[in-house]
Every structure is written in structure tokens, then in C-alpha cells.
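Student: Given chain Y's structure and the hints, the job is docking chains G and H onto it.
The lines below spell out each chain.
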Amino acid sequence: MSKLVRVIDMQRCMGCRACIAACHVENHFTPGSPWNVMIENEVGVYPNVRTTFTTINCMHCEDPPCKTVCDAIGINAISKNEFGVVLIDYERCIGCRYCIAVCPYGVPQFNEKVESLYPGQEQTPYEAIPAEQRDPLHRKKAGVVEKCTFCWHKLEKAVSAGKTDRIGKDPEYTPSCDLVCPVNARLFGDLDDPQSNVSRYIGKKKAAQLKKEYGTHPQVYYVLEGGGF
Amino acid sequence: MEMNRREFLKTTTTLGAIAALGIKLPLIAAAAERARRDVPDIPVRYIKSTCAHCVNFCGINIKLENDVIRAIYPDPERAAYYNVGICPKGVSGMFNTYNPYRIKTPLKRTNPRKGIGENPRWVAISWEEAFDTITRKLEAIRKDDPRKLIWQHGHGKYLIGDKFPKAFVKAYGTPNLVHRTTVCEAARHVADELTWGYHGFLPDVDNCNLLLNFGANFFEAEQWARWLDHATTDAIERGMKMVVIEPRMSHTAAKADEWLPIRPGKDVLLLLGMAKQLIDADMIDTPFLTAYTNAPCLVGPDSSFLRDAEGTPLVWDVNSQSARPFTVGVQPELKTNQSIKGTTYRTAFQVFSDSLGGMTPEYIEKTAGIPAHRVQSLAKELGKQARIGATVVVDGNKLRYRPVAIHTFRGLAAKQFGMQNWRAGLILQMLLGNIDAVGGINLHSVYKKPHYLEPSKAEYPPKRIDLQESVFFPHATHNIAQQVSESILYPSRYGLEYQPEMQIFYGTNRPFSTSRARDQFKSLAKTYNVVIDIVLSETAEMADIVLPDLTYLESWHLSPTRYTPYSKHTAIRQPVANVYNLPQDAYSILWELASRLGIRDEYIKQINKKWKLKKYPLNPGSDYTAREVVERLWREKTKGKEFDYALEHAFKGKKLPAKDTYLKGVEAKFKGPDQPKMHFYAEQLVGSLKMVSETVKTKGIREINLEDYRLAMAPLPEQAHGFPVPHIEAASYPFYLITYKRMYRNQSGNTALNPILNHALGGDTNENFVLINRATAQNRQIDDGAVVTIETRVGKIEGKAKLTEGIRPDTLAVSYHYGQQSPSFPDTAKKGLWVNSILESHPDVVSGMESFNDSKCKLYKS
Amino acid sequence: MLRPIIVAVLISLSGFAMAEDETNSDTHKELARLAEKIRSGEIDVGKDYSMNEKTGRFHIIHADKLMLDCTTCHQGKAYRKDYLLVGKDKAYPARAKGQYQRSVCLGCHQKGGIARRWYNSSTEP
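Chains as they are written, first to last, in the numbering used here: chain Y, 5 to 233; chain G, 832 to 1693; chain H, 522 to 646.
Just chain Y, same shape as in the assembly (with noise of 0.2 Å):
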């Protein structure tokens, strides 16, 4: 069994948004509806002061509000599979944004419409890829809830292929914000493993989840720094 997971070290995190960006790229940007974000916050009154920085994305809970919401009232677009991803699926979500509602950190996006990337414009190479090939995770619609996935495009790949040791190390098995941190902020990989990056690393750095009142258990470990979580 894989408990896949994510650790963000505020500590080193220097505010850059690259791992915004390369999510939005990976995925497929729909304006308006991000998967992942920056929030910067100052921390003290002049001089003494500083700022955090905390990016956001699906925590991938293991006990998924969005999840148990949606199969309450009978939906089942929102699943959690055997390597802990909590996935929407668009054909099957009736965009009632009770997920929304639920969850403690803001992540699923309802999207009003799909937006062209340069609007008014033609269309560039990148928007123009049909929908048949595209992964089903970036067939963007209209009137349905999205969400980070964990690239889970990418794992599925590792799992295929048999690679699953690879997991957060080669580019093509690893979620995108996590390869292209200037500061290795970001680890991604097996808990279940007691001798993986993560493992190491959250017990190393003293790693917590956040908003643990309800009960989410997430399955993203953050590094803190500076208060208010």
C-alpha cells in the first residue's frame, strides 16, 4: 500500500509561485478557478516584521469531506483511491458545490465557464489540444467543480509502468509543483514508507497538517513558520 503525501517547508519557502505556475501550466489553467495558491502574510509591525508564505493546494485528505458529502447525496463523483488521491470526476459531478461547502480549505473550484487563455485571441498550440488528448483530469467543463489532482495523471503513469519507486523523483511521476521548487520547499512521496523522503522529513522537521479540528487528516504535511494556522 501507498500513502502518497506532500511536504511543504515554510521554512525555506521563499514566496517564488513557481509551483502556482507549473501547476496551472500542468493542468490546464481554467481563469478564475486556481489549484493551487500563495498566501503571503506579514507577520509583526515595522521594524519587526516578516512575511510567510504558504501555498495551498488539495490536501488529499484521508477523510475527505468533499468526498463523504458527495456520496451522501448520492453523486459518487468524488473518489479516493488506493495511493490516497481524492479525484472529481467531471462527467459524473452535478456542480451542486456541496464539496465547496465542506471543505475547511477552500480547495474545489466551481468553474462558470472555461476561459480562453487570451481571450479574443487565436488559439496557441497548447489550448488547441482536443479534448481526446487530453487526460480526462484536463477535459475543463463548464459548470462542474475541479481540484488539484496530485498530477495523479502522472502517478497513474508511474503505476502503469510499474514505477512507483519513482514517485517524486523523475519528472514524468512527480506532481509538477513539486519538481520545480528553487528552494526544495516541497517533497513528495511514499509515507508508507518508512524510509521515504517524507517520512524522514516530517519526522526530521516536526512537520504538522493544518486545521486539524476537523479531523480531515490531510495528506499534506507543512513545515510551519510564524503563526495563525
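Be aware that one or more of the hints could be misleading.
[What the hints assert, rightly or not] Coverage of chain G stretches by chain Y, computed from C-beta distances (three or more under 8 Å per stretch; other residues unrestricted): (1) 908-916; (2) 994-1004; (3) 1044-1057; (4) 1593-1606.
[Unchecked claim] Selected chain H positions facing chain Y (in silico; Cβ < 7 Å): (5) Lys-568; (6) Lys-602; (7) Leu-605; (8) Gly-608; (9) Val-625; (10) Trp-639; (11) Asn-641; (12) Ser-642.
These aren't lab readings, by the way, just hints derived from the structure by calculation.
Backbone N, C-alpha and C define an ideal beta-carbon position, used for all residues, glycine too.
Tutor: Frame of chain Y, contents of chains G and H only:
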């Protein structure tokens, strides 16, 4: 109830069902799941290349699906040599290429009137017509006076390198090729050059324990940012302390151990104040100052060195108690004044030390805004952490160990007295003896150009349009970007013997990117302009002909790279697309023009010379594609490495042994008797000033106020260098106005149209603002987001206020990542303020550096 | 008449402390009965799973049947600067009274709450 709810919870996916049975997902199931999800099987390729968004040149790994660029990742192989990751510009770099606003065909202006807001009335023309028109113009100018052509590049230098353009202008016959360094950090380079005969340094971060950073914002965007970011973060985790000294809290300051908000322009005072503390406490590296620098040289009342008949500077020899050249057996005295033949001479060190009387902690507090006790304690910390006298053995080499460093970039440089500001930083480090020491600052190519340590010839009349190294800017060795416009408008003021007629701009938005920017545009109305670029920048709007270029993902180049103290590498860029099927890039445009002008073989000769091609030269009489040339350059620079290796890896790196890092610089060039010396005291400036004075008098130059030059060209930094013109003259303007860069976009048109950068990074990045200290704003009833006016002596602009605790109460700051004005851009690309349009221009007369952080301003609600 | 009392109960639930006095206890029971009636279908809340405040079950349940005031959940125009939420910059619908306070949900929807469980809460099993 609980039961009911559980019944509701269904695990419906195939994966979920398998997981529930406790079966490890077999490959076959994974394949079945992919089939169920209808995942297409798309051919994927990865191609390694080098990013060219900025001057970091990061290694990239481009992912193509069906030949479409789907993603750009950092090249993991490059991590050991330079970048671990890449920035958001590089990550989303495909939109530099996939951009419907690209120029797709040559354009001709049909509106003869040129100016900001004047519609060029573009007409698409064929490449043949474009080449023909430009060639005829170039031929006529060349016949008349080739100097009337000016080639200017900025970012273009990093797309095809500056050696092709340099070869072209040489073959053509104009001295006028102008790069942009005076809008970047030229003053820092010139300070380096005056001190040790070349430029460039990096902190030895891996071994440093205390890093004082004067406004080098390497956690956002500047040279070496993509190495310094991770190297510094690792060092901080190891225990290095970083103190960031700057008026605005950058991301770098936000991550530092301490942010010291210094008053703009006063850095030199803090540095001198700390120097005084160190000298007073005798926390200085006397052996270093004595053996490596000219600090012991004897200075006369005319500020020149006492020299022997051969012109060798003399020191006071402790052994013989006489003035002698520093030769074997001589033991120079560092601190002394001696009367020799009735004249009093002091050592350069003594002159410096005597000049610091007024630099008390209390004075620094009053002027620079750093608390007196912190000036004292920081100096003490520096002196203590420097471990003066310590050595360490690395790879069998016994080396000086001084684990403290001072770093800067535009922080100290982008000012009227930028050169002197950084000289103060270098002098402070000479006092600590950390130059080329383990953990100190590591110099690049020490003494590579010995003539930098000599007085300038201060030529007149100037040969070059930018007045480089002329009487006007005697030590400006990095071109003077902003001067071109002045010279075109008023050539006679500067004694220029020709009136420029044509400007070619390659990959630069020069007039937009300098102070008093509106004035810059006036000069473009006076010349015939050709612009080579990928989008219609503000500069392109002033062109007569625009030629579309290929992007960095569409063209070949032997890329520049960045060394570190521990490694260096050679890299290429290779094309992965040509979205709009463009037949030319800047390389082929130059080749075509050279051919049509009949100077191709001379051009080839110059290319061989500029690139130093010995084993793999280009042959006169032949034409070469960009790929063919890059192959030759690669083989030359890698000593014959197969090009297939380049195509697969895009770079070849080398780790440096410790002796290369620490022993090739000042140890080899300056240490001990009978060696040249590092210029603690920039005596050559005294000689240069004499040249300037004589020329001004004999030629009757009215543009030069000698008092200004005397001040700027002092051999040692001094109090006056903390007071640029606006600080004195614009007293009724209460705020300091500074500028800075954010990570998210460049000032050029390169990134302005990238939808990921414009829309996907977050609402707090997609505009620039007037940063105001929260208390200051509240005193003036200015709310966050309110529209405010900032007014300098040049003009006024409006922008949205952004309140923050992270800026001095007496300072306003505007970022350069937005503010574009080009009418060809959609509104989303050009929000915010164009701060350059109101900055005062007071270039450093020594280095030519433009002043970007000296203006003062008023602030009021609009 | 019921509305302010329900609000008081909700606030006490979200504040991790069950009210012990009789009035609140009665209200709690009443609310629990109401919730059960909604779940069993005894109280018809329609079939429209949406946020539509006229026809959607979400607002029919919470606003019409349980009679929660808008401000019980919608409490401000923007989230605090340091609040960690992916969609915090997303504008709320024009008709809504503000962004909603997520901890309000936790009061009833955690384990042992009167509503369906969405959250496990912070206690151990």
C-alpha cells in the same frame, strides 16, 4: 442514524474496490483503470535546453506531447552546477512562444510622426522588402559615416550573445554597440574593476557564517538568483546568519534573520560607520591589508601616491625606516604618517582612518536610520565572526578562513554614487581580510584587465555615442545605456563629431527602462529605427521597421551560463518549436544583412575573433546556419565534446577544486612583495580626475562641472557619497522613492503577455502598486487600494496604494514587474505605474550607472 | 421566535461546549428532531442539490427549515489575510451576504453532531 449514514458512503471506483479487498494494485488493473478513464496514449518527448527569460540561464527540461510544449521543468542534472528549480516565468515560458500577440511578419511604419501615443499605422511587408529597405539605409550610412549607426541590445545579448552583434558592428565600422548594464549594476562592476582589475564576485555561501546583504534580492530576481536562493537557504539551515539591509522588505529580507530598514542612499554611511568601529576596536586584518592591498602606500597632500623614479608607489618600511617600493625584505607599515623631505605623507589606510572621524554610531543613526547600538553591535559581530587570523585546510590547502561576507547587487549600485557605495563595501571587507578567503567573498578573474587599475584616458572628443570612457564618464566600461538618447538629442554638447541617423534595437526596451523615460523616447523621433523583437514593445512603437524574432524556445544559441565559486559549465539552447513559421531570427537577420552589405567575410573574421574560435573557426566564403555555428562554438568551448552530447544534455559542467576557488585570485595576483596590489585606495581616480580637469580646461567643455567630478571621483568613499542630488535639492519632497523587482514579470515585453503570470499566480501579483508604510498611510488617511499620486521634480503618476509594515515610513517603493504602456498590449498586460517616467536622472559620472533609487517625491490622495 | 435560539445553540456547539441549561437542551433536541425529519424525508426540502437559495436544498435546509440567519454563516466581506484557503480570493455570489465562516459547519457536522457527519473532529476514536 450512524448506520444510515454509513450506508450512504459508497466506494464506487474500481480503485477503491480493489483497495477495499486489500489487493495491491496490479499493473493490469492500472492499465484497466486508465482505459476506463479513457486516458489517451500521447507520445511524450523531453528536450533539455537553457532558459533565457533573465540572466540566470537555468537548465530546463522541456516536455513535449505530440510536439506541443506541455511543460517546462528544471533540468535535474543542472542542480549540481547551478539551478535546483526554476521561477514562474521559466515554468510558464511556453507562453513567451505561444503568444498570439507575437510579431508574425515584418512591419513597416506608415505614419511619419513618431512619439508616445502616436499610432505607427503598421503595414505588413515581405522579408525581401524589409531586408532591401534596411540594407539600402545601412549602405548609405556606411558610405557617409558608419558611426551614425547605433546597435543597441539588452536581453538580445542573452538570446544570441553579444559577440555576433559586436562582430557585425566591427565589420560595418561603427563603434556604437550599446548594452544595458548601466540600468542594472554597472557601478558595482566598475567599483570591482577599480579595486581588483576585473568584476564579479560571489559570497562563499557554503562556508559563510554571517552574510550582510545590502539589497541583493536573490530570493526574487537578479543575476545568480537561482543559485543563491538554494545555496543561501541551505546555509541558513546550517546556521549562517543573514542580515538584509534595505529600505523595503524584499522576499530575501522576509526570510532573513534580521531586516535592517536603512534610509535610501545612505548605505555608504553605514559601511563607513562600521569600518570606523572595526578600526577603533582594532578588529582588522593587518597582515591582509599590508600584503595584498595598497593600504600601506604613502599618500601625499595632492592625494597621489609617493612614487620612486620608475613610478612604483612607495610604502614605509618598518625595517629600514624609509620609503621604499614593497619588495622582498620590506615590511610595510600600515598605520603611519611620515614627514619626507618636508612633506607629510600618510599611508592610504591612515588617510581612510582619519576620514572617519564623523562616522559615529549616532551620526549613522541620524542619517541612515540604523540605531546607533546596532551599528556598533553589527560591526562587532562582523569583526568577531570574521575570525581574523584563522586558517583552515581544504583539500590539503591551508587557506585563510574569514566566514563573513557582504553582498549586494542593485542595492548599492543603482544610485548616483553607486560605485562609491560598493567601494565602501569592498573596503570594509579588505579590513576584515575576507577577500578570497574561505567563507568570505570570492572574486572572479582577478587582475584580468590590469589597465582598470590605471587612470582613464578620459578621451575627448568621444568616439562612442554613449561617451563610454570619455572625459564625461572616465571609467564607464559597461556602456552607458541612458546616455545614447541625450547624445542623439544634443551631440554638440558632448563634442560628438557626428549626428546618429539609425538605431537598431535588438531584444531591448531600452528607452522604457531608464530614468526620465519620456525624454528617452524623444531621441527615437530623430532617427530611423529598426526593432528586432518578439512583441511590439514600447520601443517597437517608435520603429520604422519591425522584424519578428524567434523566441528562446525556437532558436539555437551557445547560451551564456553562470559560474559559482564551486563550478562552471557550458550550455546550449535548442529549438523545440516554430509556432508562427518564422524564417528568421536575430542571428540569421545579421547574417543576411552582412551578406547584402557585402561584408560577410569580414563579419566571419570578426566572429572568429570575438568568439576566440581557434580549432573550429568559421570559414570565409561560406554561409552557416545557427545550428552549424552553435555546434562549432560548443566544440570549441568544450574542447571537442561531441555535439550529440549537447543535444542530449544541453550542458557540460565542471566542479572546481578548492585551489581554483581560493588560490587563483588575490593569492596568486596580489599577495606579498613585487606584486600589484588590490586598490584599497583607488589612486587611479586621482589621475583620471587630473585628465578630466585638463581636458575640460583645454577644450572648454561646459557640460562638466568639475566640482561634481571631484566629489564622485574621490579615491575613497566618503560622507558626501550618501547624499545624491535629489536628497539635497529636493528637500521639500518628503519621501524617498525607490524601485525594485518582483519575481513575477520582467520590465521588457518578454513576459508581459504571459497569461499564467498575468492571471494564475494570485491577485496580489498582477499589478504594481505604490508601497506605503501602514502608519504613514494612516496619517494621511490613505486606505489600502486607494488611488494616490506620487510626484517628483520630473513629473507625477497615479497608482494604487498598497499598505505594508515592510517599508520605511519615509520611503515609497514601486515595482517594475508591471507598468507597461504599449498600445499593442491588452489591458490585462499593462496595468500599474510606469515609475521610470518620473525618476530623476543623475548618473554616476565615474561608471555611467543610472540612478534609480535617489529620487524624492510627494504623496497625496488622487 | 425559534431563530435566535437555534443560533445560540449552533454557536455553543461550534464553541466546543454543550450547553447544559434546560432551554438549550430542549432546543437542541428540537433541532435534532428537525434534522432527522429532514433526513427521513418527513420534511420535504426538494431534490435540487444546489446552492440556489430559493430552490436548492442547501439553503432550504439551513435557512428555511432550520431558520438560520444569513449572518450565521456569511460573516464578512473577505477572509482574514492570514487565513489559509485556496479559494479565498474568489468572489462570493452577488446575492450572498459575505464569505462564509467554515467553522460554523463544524458545529453540527462533526462526529456526534446533530447533522450528517462531514468531519471527524479532533478527538480520537
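Student: When the nearest CB of chain Y is found for H:Gly-608, is that gap smaller than 7 Å?
Tutor: holds (4 Å)
Student: Does H:Val-625 meet its interface restraint, that is, does its C-beta lie within less than 7 Å of any C-beta in chain Y?
Tutor: With a minimum Cβ separation of about 11 Å from chain Y (threshold 7 Å), the hint on H:Val-625 is violated.
Student: Tell me if the interface restraint on H:Asn-641 is satisfied: Cβ within less than 7 Å of some Cβ in chain Y.
Tutor: Because about 3 Å separates H:Asn-641 from the closest Cβ in chain Y, which is inside the 7 Å limit, the hint holds.
Student: Let me know if the C-beta of H:Ser-642 comes in closer than 7 Å to any C-beta of chain Y, holds or violated.
Tutor: Cβ of H:Ser-642 sits 5 Å from chain Y, so the hint holds.
Student: Please check whether H:Leu-605 passes as an interface residue: C-beta within 7 Å of a C-beta belonging to chain Y.
Tutor: holds (6 Å)
Student: Are there at least three residues in the region 908-916 of chain G whose beta carbon sits under 8 Å from a beta carbon of chain Y?
Tutor: The restraint on the region 908-916 of chain G holds, since 3 of its residues have a Cβ under 8 Å from chain Y and three suffice.
Student: Three or more residues of the region 1593-1606 of chain G near chain Y by CB distance under 8 Å?
Tutor: Answer holds; 6 residues pass the 8 Å Cβ test.
Student: Closer than 8 Å Cβ to Cβ for three or more residues is the test here. Does the region 1044-1057 of chain G pass it with chain Y?
Tutor: This one holds; 3 residues, not fewer than the three required, reach chain Y with a Cβ under 8 Å.
Student: Does H:Lys-602 pass the interface check with chain Y, least Cβ-Cβ distance below 7 Å?
Tutor: holds (5 Å)
Student: Counting residues of the region 994-1004 of chain G that have a beta-carbon nearer than 8 Å to any beta-carbon of chain Y, does the count reach 3?
Tutor: violated (count 0)
Student: Using Cβ atoms only, decide whether H:Trp-639 comes closer than 7 Å to chain Y, and label the hint accordingly.
Tutor: holds (4 Å)
Student: Let's test the interface hint: is any C-beta of chain Y closer than 7 Å to that of H:Lys-568?
Tutor: Because about 10 Å separates H:Lys-568 from the closest Cβ in chain Y, which is outside the 7 Å limit, the hint is violated.
Hint compliance for this structure: hints 2, 5 and 9 are broken, all remaining hints hold.
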